[in-house]
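Peer 1: So you can see what is in the structure, the chains are spelled out below.
Protein chains: 2
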Amino acid sequence: MKQVLVNVAKASNVAKIIVIWNNPETNPPGDGHWPEVSVPVQVIHSKYNRLSNRFYPYDEIETDCVLSIDDDITMVTPAELDFGYRVWVENADRLVGFPPRYHSVNNFELKYVSEWISNISMVLTGVSFYHKYYHFLFTSALPDGIKDWIDGHMNCEDIAMNFLIANSTGKAPIKVLARKKFKSSATGLSSDMSSHLVARDICLRHFNEAFGQTILHSVEFRADPVLFKEQDLIDDMNLYYSDGAL
Amino acid sequence: MKQVLVNVAKASNVAKIIVIWNNPETNPPGDGHWPEVSVPVQVIHSKYNRLSNRFYPYDEIETDCVLSIDDDITMVTPAELDFGYRVWVENADRLVGFPPRYHSVNNFELKYVSEWISNISMVLTGVSFYHKYYHFLFTSALPDGIKDWIDGHMNCEDIAMNFLIANSTGKAPIKVLARKKFKSSATGLSSDMSSHLVARDICLRHFNEAFGQTILHSVEFRADPVLFKEQDLIDDMNLYYSDGAL
Numbered sequence: 001m002k003q004v005l006v007n008v009a010k011a012s013n014v015a016k017i018i019v020i021w022n023n024p025e026t027n028p029p030g031d032g033h034w035p036e037v038s039v040p041v042q043v044i045h046s047k048y049n050r051l052s053n054r055f056y057p058y059d060e061i062e063t064d065c066v067l068s069i070d071d072d073i074t075m076v077t078p079a080e081l082d083f084g085y086r087v088w089v090e091n092a093d094r095l096v097g098f099p100p101r102y103h104s105v106n107n108f109e110l111k112y113v114s115e116w117i118s119n120i121s122m123v124l125t126g127v128s129f130y131h132k133y134y135h136f137l138f139t140s141a142l143p144d145g146i147k148d149w150i151d152g153h154m155n156c157e158d159i160a161m162n163f164l165i166a167n168s169t170g171k172a173p174i175k176v177l178a179r180k181k182f183k184s185s186a187t188g189l190s191s192d193m194s195s196h197l198v199a200r201d202i203c204l205r206h207f208n209e210a211f212g213q214t215i216l217h218s219v220e221f222r223a224d225p226v227l228f229k230e231q232d233l234i235d236d237m238n239l240y241y242s243d244g245a246l
Numbered sequence: 001m002k003q004v005l006v007n008v009a010k011a012s013n014v015a016k017i018i019v020i021w022n023n024p025e026t027n028p029p030g031d032g033h034w035p036e037v038s039v040p041v042q043v044i045h046s047k048y049n050r051l052s053n054r055f056y057p058y059d060e061i062e063t064d065c066v067l068s069i070d071d072d073i074t075m076v077t078p079a080e081l082d083f084g085y086r087v088w089v090e091n092a093d094r095l096v097g098f099p100p101r102y103h104s105v106n107n108f109e110l111k112y113v114s115e116w117i118s119n120i121s122m123v124l125t126g127v128s129f130y131h132k133y134y135h136f137l138f139t140s141a142l143p144d145g146i147k148d149w150i151d152g153h154m155n156c157e158d159i160a161m162n163f164l165i166a167n168s169t170g171k172a173p174i175k176v177l178a179r180k181k182f183k184s185s186a187t188g189l190s191s192d193m194s195s196h197l198v199a200r201d202i203c204l205r206h207f208n209e210a211f212g213q214t215i216l217h218s219v220e221f222r223a224d225p226v227l228f229k230e231q232d233l234i235d236d237m238n239l240y241y242s243d244g245a246l
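Line order of the protein sequences matches chains P and G. Here UniProt numbering is used: the first residue of the first sequence is 1, the next is one more, and so on. Here UniProt numbering is used: the first residue of the second sequence is 1, the next is one more, and so on.
If we strip away everything but chain P, and leave its shape as in the complex, we get:
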């Protein structure tokens, strides 16, 4: 988690970092035990370990834009976060994220798709940008039972957020940048992974029923830096790929 803090603090336009400490039994580290970063860090110690805490409209959130990021997401560089933020600024009603997902419909049955295909209809919220307004909607305007489902199953808060924003806007999320960095989680085929996918299928169908219709919206484009992959023609290209991994 410390690496995530250091990474996020290096991005531009960060007002503060809010840590949601979801372990009620263990106190978060004290003031001296956090990495020294250039922005204020506030820690919120949750009373209950609820997955939905992630999307609670905390008073501490003061900016319009929220970057929601898991404590193990260290593969996204500060420059890539900057790029994601700039795309969000231009699409402030949408969910902007990195690894995408899709929902397929076969014989009226929804399926959660994590393979590499040309369509996307969701982005994972493990590293995503959205307007803080959606914290209010998530907490007070989800269809009955969805929040309890999420907290009970400890899963699918991200799928619910995708449904919620699609339902509010009628628009698809926006995926930024290429996907290679996330491939381990995207292409895993272990039995553990299969059971994960089955659970996601179930969430998808349950939420779809709760919202009353298939509201996820599919698109076929992602957002790249204007000069992405034109490196052979000019030198000044690596702005968003400074680590050479993409």
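Please keep in mind that the hints were generated in silico from the structure rather than gathered at the bench.
Which copy is meant is left open, because identical chains are indistinguishable; a pair holds if it fits in one copy or across any two.
Taking lysine-lysine and the DSS-like style, the derived pairs with C-alpha atoms no more than 30 Å apart in a straight line are:
#1 K229 with K111
#2 K171 with K16
#3 K10 with K132
#4 K147 with K132
#5 K16 with K147
#6 K229 with K171
#7 K229 with K10
#8 K132 with K171
#9 K132 with K2
#10 K111 with K171
Starting from the structure of chain P, add chain G where the hints point.
Peer 2: Just chain G, lined up with the frame of chain P:
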């Protein structure tokens, strides 16, 4: 021009092709002299050779979306046009195009920038998608004198369209796909090209004054197919790059 017709007709979702024949003295070819394509072709013979004819709200335009394309744009494939259209559908208030441009501001002086940089604030309308509503705005709601300027100079109708849409929406245009195909026109350095750029600078400043403020909006992203440049990981990538040129 015939090649353009054949190309455009091969794209999906084309309702009809409207040819604006801007030579008042010469009749357009008769019915038998157009390439046989799968969509209706209507020819409008202009009374006057005005550049602004391009953006007139012809009754013949029946769809919401207009693909405006010059008669020599043969380097964009039908699949790439399909992709551009899909991006437009998701951004129907914006101008969606291929080669981008930028306006820089130095000491309060605007400059037209066609170099390869990370920002874009315009796209050329020589091959672009937009809502037909902008034909009405262009014809009836441009600031005084701009349409005459365009017809008098036979230049800069595209810059004016970028101003008009930026002024209506407060948003930037969207550039789709990489830029390599257009490099000859983008990097030309002949004296002819320099005088072209000087003329464009003058247009930019004139329109800026006419609109009363700098309304062009700059962004740092373009739209790519979801799987663009991930070819090394899966095979099914060449959907939008079937000719291998990009």
